[in-house]
Structures are given as C-alpha cells and as structure tokens.
Amino acid sequence: MLLNSCVGRFVNLQLSVCSSIKGSLQSGSTISWVRNFQTTSCLHKVVVARPKKTKRRTNPVTYEEIHPPHFIAVRKGFNSLNTSNLLAGTRSGETAIEDMFIRKFIEGTWHRLLLGKLIIKRRANLIILSGFFHQSLAPSKFYFLQGYTEEILAYVLKCPVKMEIMTCSDRKALVVTHV
Amino acid sequence: MSKLVTKIPLLVNQTKPVVNVGFNRFMHHEKGELTQIKIPKRIPRDKTDILKALSSTVGTDPTAAHFKFIDDPYLIPNNRYHKLVYSLSKESGRKAAKYFMKEFPQFFIRDEAEPKVEAFHFKELYDESMDLNEEDLLTAIKNHQIDNAITAFKVIKAAGNTITDATKISLLEIVCFFNSLEAPDTDLREKFVSERPADSIWVSDFAFEVFDSLSVKDGRAYSVMIAGLCKHSAIERALQLHDAVKENNLSLTVEGYNALILAAIRGQSFENRWSIIMQVISEMNGHKIPPNLETFANIFEILARCKSTGEVRDKARGLMAEMKRCNIEPSLSVYNNLLRIFANGNNARPRIIEEILNELGNKKLSMRHEKDDFFFSNAMSICNSLSDIQLAYKLHSLVSSHQNYLLLGSTEFEFRYYNNLFKLIVKSESIDKTMEAYYKFVPNIYVPDSSTFIELIEAIELYQADRYIPQVCSDFLLLEYYIAPENITKFLNILSRKEYPKEIQEHVNNTVLDIMRVIQSKTSQKNASELANFDVTIFDNSLKILSNNKDLNKIRNVLSLLRQLKNSINGPLSLQTMRNLVDMAIELESGKDIVEIVKTTVAFDDVSVLSRVVHLCKKNNASQNLLDRLEEIITKNGIVLQDYSDESSESSESSDSSSESSDDDKAQSGKSTEK
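Those protein sequence lines, which keep their order, are chains A and B.
Just so you know, we're using UniProt numbering here: the first sequence kicks off at 1 and counts up by one.
Just so you know, we're using UniProt numbering here: the second sequence kicks off at 1 and counts up by one.
Simulated from the structure, these hints should not be mistaken for lab results.
Note that the structure is a prediction, hence the values are computed from the model and not measured.
Don't take every hint at face value.
What the hints assert, rightly or not - No farther apart than 20 Å at their CA atoms in a straight line, the calculated lysine-lysine pairs in the PhoX-like style are these:
1) B:Lys-157 with B:Lys-168
2) B:Lys-440 with B:Lys-394
3) A:Lys-162 with B:Lys-440
4) B:Lys-102 with A:Lys-158
5) A:Lys-141 with B:Lys-95
6) B:Lys-68 with A:Lys-162
What the hints assert, rightly or not - A few chain A positions that, by computed beta-carbon distances, are all more than 10 Å from chain B:
7) Thr-62
8) Val-176
9) Thr-177
To be verified - Covered stretches of chain A (chain B as the covering partner; in silico rule of three or more C-beta atoms under 8 Å from a C-beta of chain B):
10) 130-144
11) 148-154
Just so you know, even glycine gets a beta-carbon here, dropped at the ideal spot from N, CA and C.
My request is simple: use the sequences and hints to build the entire structure.
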C-alpha cells in the first residue's frame, strides 16, 4: 500500500513538474533559471517505489512492481488513468484521494482476492475498475460483489462505476521474479 | 469511399447519401456541365443516432456471452441455472448495497458533486410536520414517490390550502396505477425473472379520498378511477362508478373504456362476455370516442380466453378487418391472441401463422403493447408442433433482423423459443446443418434442456456422424448435464451402442472416466447418500464402453468405484458384461484384473462369474498364484462354487488355443500382482 501511494504521488508530482516546465518553455529566455532552480520537494528517485530486496531473494514481485516509476508509459502503464493532471486539468487532488478511497474499498470488499494492482480508468463521467482476482470464490459470489461494489461506489462518487473482472486460478500468476 | 458510405447507414430516411451528391457535382463539372448545387434538407438527428449507425455495422457475436455477464471463462455461465443464478446474484449485491445506504445514511453524507446529480440523490422523505406546498407534491409525482405524494397531499389539505384539479388528477393517476404502494425498483428485475406478478388487490382508499375532493368530477377523473380499479381487480367498484358516469351522461376517455372491455372477463360464457363488450363499444360510439390499439388488443384477449369455437373465430376475423378499416396496425400481442384462437385444438387452421408471417415480413418491430413479448415463443412452439422447418426459419429471420430479438421477452420465453427452434432443427435437418446451428446457439445464446440434448446425440448416432461425438462429450461435462443421474444413464446408453474409431473412442473413454469422477465426488459429499442413487446400467454401460478398446486401467477404476458405491446402486450387475470382461482379462492374461473383476462380482453377491473364472483357470493351467488368490476369496466369503463343467464347454475351447501358448506369461502376471 505504501509502495502504491508512493507511485501515485510520484506520478502526480512528475506530471505537475512537466506541465510547469512546458508552460515556461514557451518563453525561451526563462529556460536557464528553470534548470537551476528547484521549487519541488525532493523526489528520492533512486529509492522510491522499489520493492524491498531480501537476502535470499524471497520477496515475490510482479511485472508492475519491478519497474520503477520512470518506466511508466515506457514499459508499463499507469495505475490510474485520468486527465486531471494534464495541463488545465481539474480536480487533481480530489481524484487522487478518490482513487485511494476506491483502492482501499476494493481491498476490503474483495479481501485477499485482488492479485496485483487495481487499474482505475476515468472516461468522461464513468469510472472503470479493472483487475485480476483470485478464483477462491464461487462465481455467483463474484457477481454479488460486483453488483454491491458498483452500487455503493456509484453512490459515494456520484457517477456510474463499472467493474471489469478477470480471474485467475493461481495466486502467484502475476509474479515474474523474486528479489 | 462509397463502400464505406453504404456500410454506415447514417442516412436512414434519404435515398441518396450526402457524400454522393458532392461527388456527382464534381463529375458533372469535369464534363463541363455546370449544374445547380442542391443542398439537401437538414435531417433532424437524435443524440444517439451516430452510435446507432455505428452499431448497425457490427452484427451480434454469437460466441460471446451476454453483456450482463462478466467476460471471463471462469465467470461465464454455462447452463440455464447458472445464467439465472448469476444475474440474480448481481441484483442481490445491488440490493445489499441499497440496504446499507438506507440503514446507515450517516456514512454516505458526502456529496461533492456540483451541480448535484439527481440520479444519485438519496430520496428525501416528507414528514407531516414539514411545510409542504403544491410544488413539492408535483415533484413527488414526477419522481414516482407515492408515499411522499400522499403525505404532501394530506399536509396541504390539513393546512387548508387548495390544490388545483390538474394536480389532483395527476396524483390520482399515479396512485391508481401503483395502487397507493411504493413503485417497484426498476433496477431489480428479480421478481419478474423468477415468478409472474400475481393479480394485485385494490388497497388504495386514498384514491377515493382524492377523487372525492375533486371540485368537478369529469370523465377523465372517472376514467382514471375505473382503469385503476380494473387493473387491481376491483371490478365491482369500477362498475358502480360506471353507473354514476352513465347517470351523469359523461363520456369516459378511451383508457376508461379499454379497462371496461377487459373487465368483460367476469362474464361466464362467450355470449355474456361478447354482450358486455358490445355494450361498451356502443357507448363509445355514442360518445364518438375512437378506439385505439389497446381497445382491439383487449377484445382479442377476451376472445382468446374463451373456448375456441367457430363463432369466436368468426368474430376474430371480423375484428381484424375492422382494425384495418380503423387504420390501426395490429401489434404482436394481437397476433399472439389470434394464434391462440386459431391454433387451439387439433383440426383448427394452424396455417394462420403462415399468413401472419407473410404479413409481418422482415419488418422492424417495436414494443407497442405490454404483452407483445409473448408472440415469438408462442409462434415457434406452433412451428414445432407443425414440424414445419421453413416456417420456423422464416420466423427466425424475422426475429434476427432489426434487433427484433429484443422482443423475445424474459429469459424463460427466450429459452422456450430457442428450444422449440432447435428441437425442430434436430428433427428435420441434416446432421451437418444441425451442428452448424448448435455451434451458433450453444452455450451463449441458448443451452438445450437435457431431453433435447439427448435427442441431438441420438441424431448424431442415427446419421453415424462420429466426428461430432468428441464435441458432444465435452459439452455433456461443460454444460453440466450430469447433475441428474438419469441423464448420465441415457447418455452412456447411447454411447455404448457401438465401437468408435480409435481417437474418438479415446475421447469417449476419458468422458466416461470424468463422469465416474463426478459420481464419486457426488457420493463423497456429506448428506448426499439420499440424493445419490445410481442406476446400475450407468456402470454397466461404462464398462462396456471402456472394454471397447481394452482400457484395463480405466476399467479397474470403474470396478473399484462400483465396490465403493455398492449401497447406492440400484439393480443387479449384468452378468453378460462381467463375463465379457473376464474373457477379455483372460485373453490379455492379466491376473490382477481377473482378481479385481471377481472381487466386484462377489461384492454384488454373484457366484456364477467366480465359478466360471475358477473353471477356466483350472482348465487353462493358470499360475498357482492366481488360483491361490481365487481360493482365498472363496474361503473368505464362504462361497460354494457352481458346477460349470458342461455349460462352458464351447467357450473354453475357443480360449484354449490362445491360452496354451501363453501359460508362462499368465503365471508371470499372477506373480507380479503378488509383488
């Protein structure tokens, strides 16, 4: 969870930095001081969002976890897809908090079922949640939880919510290596 | 480009596409003939027209599950039961969420949406102590909040304020329609899936309160009351109101008269009912109220519920002509009632369905009456009883064009439609055509019921189409027909009739073994002893199937299962099968299997097989080891052997020749079992 929040935070910050630089690039003379003057907090790029290494390489990691944040949109995608952090985007703070709320809600409601990370896609006023779930529940219970989650989250977030569920019989299906 | 244009029918109402107009102009220009540019008239478009046009370029994918199911192999339902359970589970989840939101509203206060989204507003509850006005009453009526509307009405009256008659009538409408009860949740269809809504009983005395408070009681108010009373089976009170209408010489609206026509069902015989209908119609004539579709649909409904005599049919024919004269296009529910009237009984004119289908052609149909969704399943069942495949195809082409399949109705009706269609195809088409239809429909659109599935396998057997056997075998397991033991019995019975080519036989054998596993898991469940009672022919046939390619390993599995389930198996073992098995084991010189077979027969209290084995072994000089083990079984169970010397003389001769040469091998195999 900590790891995840770090990723999210990093992405937000990175994007906001990008956009601010982009804005200032338009007037060429300001480039030199943009490069030398840092106003954002320290990012700890070397250590952030790296899975902890163990002595005997026993920590299982997924493909998503093994790639550090600067590989987002290179080797892996975003976990939250929305336009709030783009230039002139709105509600970036609210979106981040809502995403965290959704992740916590799913973790509690689909307890020990979610493998890997939840992907939250926002498309117009629609929120799409997708993820890999373990097959330790009967299919009818999957449908129950789907109906329940969609209804509650739609009411809380005041917009339609859809779940796209994929299942998998192996708990370790997403693990690519151990570190 | 022009291809693309024809593919996307954006221009539904126009003969020439807009783009072509542009091209034409260009071409004319090249030729040097400058013509006037014709700007086409603007076609009014709906918001979703582009989406509809795009979706019309994509057909339905029969291999995909219905949209309401999650697109994942583990979560796609494979049979009718699962389809029902999964969709109900989802609704149940929704209900649970709604329960929590209602029970603990304090946890769901946060609403950051600006402007507020009305669909996600929680329902405001009106209270007696609130200061309400007509505006609030109208909002409640608009949102179908019956209890709020009732409270608002009472509060306004208690405060001594006046309400306009128009508001009162719209309140009366909603109260009469929903019988003063809360409107059912349209998201939850569970009730309608599992059972048909029962006839409701009039409980809305509040409606009379509103009705009495009206300053001017006109025909419309009376009509609303009469329609509501008839809908909720309070016909007597509706008739009282009708008498009052007649006294005051008022005219009802067409809805009021329609309700009175449907109330004619209270008459006992056809004549009574018809005279009531005629009275209502003459009254309508007197007030110059033109009939609508509902009027005719209601008369047809009454006719269809009478005994189908020549007179009823004459009246129905006359009504159809009348409808044409009134320029009212019949809806599917009218056609459905026509079918009920004419195709009822054996010697009726069942060809009426042909005429109806000719009339309908491949028209785009829409829901125009509440009972329109009865037609397709009813028509297909008539096609099936007529055994007319061409007619069925014609009907199906109507259903599959223009999204008419949306009118198939509930899952139950849809299933009945496809079941009748598929039954007919199995009955009258070649096996290749049948399987083509099978691949198209099963399992996503439709899953055949067990009797239809057995019919299909019998057809495959009849046409000797062995190539389809593996598909059917795996579907037997996938679609879970093994739930009922009698299905297993029938299925294995058909498969055991002949020996298939090697590869297919291998597939069949694996299926048999899978079925055995299912049986084992069923019996090992707790409290399952009463439920699991298997016919002995299941095992008999599976042994027969497995002995086709001498699969001794699998046979041993079945035999051990037989001994294990001894108490939940009905009937004695077939001796012929066991004897054949013994012969096979002797022929293959497998001492281990001989002992296994003998053990099983002894467990089922049968001595003759053992006697035969001992006789044959002694005769063929089997290994001492094998004989010892047989002896052990005999003494352990205290069996007296039957005399077998004369009976088996012929069969022993045949086995003599093969066994003499391989006595040593047999001895070895006997020894190996000891180890």
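| said: Name the hints, by number, that the structure is in violation of. | reply: 3
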